[in-house]
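Residue-level listing of the chains:
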Amino acid sequence: MSQSVRISRRQFLNLSAGLSAGALLAACAAPVTPAAQTSEQPTTEISVFYFAEGEGDVQSQAFMDAHPEVSIKLIPGGAEPAKLDSMIAAGTPPDIFAYAEVDFIGHLDAGNLLNLQPLIDVDTTFNLADYFPDVVATSQSPEGDLYGLGADFGAQLLYYNKTLFDGAGLAYPDERWTWRQMQEAAQELTSGEGATKQYGTLPHNWWAVQFPLVWQNGGDVFSADGTRCLMDAPEAVEALDYMLSYVRQELAPSPQQISGMGMESGQLFGAGRAGMFPGGHWEYGGFGEAEGFEWDVTAVPQQKQAATFLHQAIWGVSAATKSPEVCWEWIKLTCGPEQSEIFVTLVGGQSTLISVAERLATNPPEAAVGTGVAKVWKALYNSARGGRNYSRVRDFLEIIDSVWSPAIDMLWSGDYTPDQAGQEIANDANAILQREA
Amino acid sequence: MSKTTMNRLYVLLFLGPSIVGFLAFTLLPTAASAVMSLTKWEIVAPPVFVGASNYLTLLFDDPVFWLSLRLTFYYSALSIPLSMAGALILALAVNQRLWGMVFFRVLYFIPVVSSMVAVAMIWRWLYAMDYGLINLGLMKLGFAQVPWLGDARYVIPAIVLMSVWKGLGYGMIIYLAGLQGIPSHFYEAAKIDGAGGWQMFWRITMPLLSPTHFFMLVTGVIGSFQVFDSVYLMTGGGPGNASRVYNLYLFQQAFRYQHMGYASAMAWILFLIIFVITLIQLRYFQKGVVYELA
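Protein sequence lines, in the order shown, are assigned to chains A and B. Residue 102 in the working numbering sits at position 102 of the first sequence; the count goes up by one each step and never skips. Position in the second sequence (first residue = 1) + 437 = the working numbering.
By construction, these hints were calculated from the structure, which means they are not laboratory data. There's no promise every hint is true.
For lysine-lysine, the following DSS-like pairs were computed, each having C-alpha atoms within a straight-line distance of at most 30 Å [what the hints assert, rightly or not]:
#1 A:322 <-> B:477
#2 A:378 <-> A:304
#3 B:477 <-> A:197
#4 B:477 <-> A:83
#5 A:73 <-> A:83
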């Protein structure tokens, strides 16, 4: 039998205040740490900031298995840099952290990255020449010192619909294809009208797939030192004109038309509405499984030279780490043959190690044969040489958002000619670069 | 301990969390942003004092700043009158003593409490060029399709329409409260004097709603100058820079380009703009506000 107790308003307030204060103190208390479960105590602890599952956590476990004297504190971060940046700003950077290629110059300028070159120079078990040189260049300072290394890389590729190519009696594209061959194939593959129209290709609808057109034509979007935009050069303007020509000749829908259809480019390609699709190495996940749709992928076509955009997640070591040698060993293991293969199997992309990439491209593991992963491995292997990016351009994202994308939008809509777009990009981008200087 | 002291302690104890929260999460960041606006701070590197450089760059060397400001004024100029007029019409409609009116009041209020993400996604479908309901309707009526979100001419009006629709219920409730605060004897006296519905609306309802108009105008200006989520979700600032409103540009400067000092300077300029406009409103518009008919 319960008995109710009346309490006064004052008693109630006292009780509430006491409970609130107690809860506050409890919330502020240090977390209880579990007791050590093993008798062998690690002597060194490092922290590893990683993007997502499979990208650093698996490798860290392998490292701890091989080095029981080291314990690793894993910090899952996601691809957005906010968490990592906050840790750095607070003066508590992780010992090892993953960062995207666009963030390289910011970390380098700020002195956040440990120069790995002195460690590499005395390490007889490591040979930088084992890695794709164009991939390694992403995280090299202007002086050539290495400030990070990636286990994987990605690139912009050319997907093609084998069913449509077979139907048109066309040979499949390969890494030796040229702009002219792509245009001819696009013309052959374009047919029909209106809502069921089959397009030869889809537009180059992202800066990372647009930049390589300039490189392929012998031009450059930015100068080698990243301080000047060169989009007003004839090679660059020609590249923009070539890009636009597919839409102008109605061999590709404009990005606005694709948006109006309520589809992403990958979905449109997967629905069998286009013969080709220039896009990133991850795009095949969005194709769906339409009946009779068979695709393959290869390197993007070349003009004066072969070139594509390289995407990379790079492992850097904090300049503030107390265990540089341990961190270097971790990077070596993660970017080494065994873990690099595990990495790209779990996450996608291709190994930065030439030997592993070659094996995956030519003789993939049995489980991967015929899958999208294996097709992409081969295309990426064929794209790695001549690939580049702009990891040393300051304010790169601001230039993309404020200058590049608006001008290209105007190009697609017909408000700008390629010449006007090139001029405006160069002028406005240089104003931002000048401001930064 | 005396009762007064105890009471003071209680006041402190119960207000404490709010005061600490206000100091830690509002006042301190605001003060910090004022200091940050005088620095070049890119988060991953220590801040460097640059004086008024961020302000000078914004005012004299950043065309996107002026563009975003112009777009925000345009957005406000469209959205505030539409919101106020729409909310007033809706309030007049649901102020009738008819059966089921509460249901309609709730119905019109639902968009206000709906997630902006969901609303923006639905409106993106409505605005879609080829399969959007709005364009399908236009085509049925013999008009051409309109690239609502893909054309620089239409994108801001399209976002305004969505925002006005979403916020109409809030304005409706405010106006409804204003309408119901008007004593009925004014209308009874006017009827006896032979006034018609239109005359009563302009001579009684509108003047006595002037405090509500004023409130809606002031809060509308403040709110519309801070437009962000609808634009971020629907267009991301495009096509081109056509919908890159002020707060979107500020957000991008802070969290995408990591220019924290620059973004802080933008925030203070926005504060000053809103502050001055509000002062002007208080100084000049408040004179016309009628709190009671003579």
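Worksheet item: Looking at the structure, which of the earlier hints fail to hold?
Response: 3
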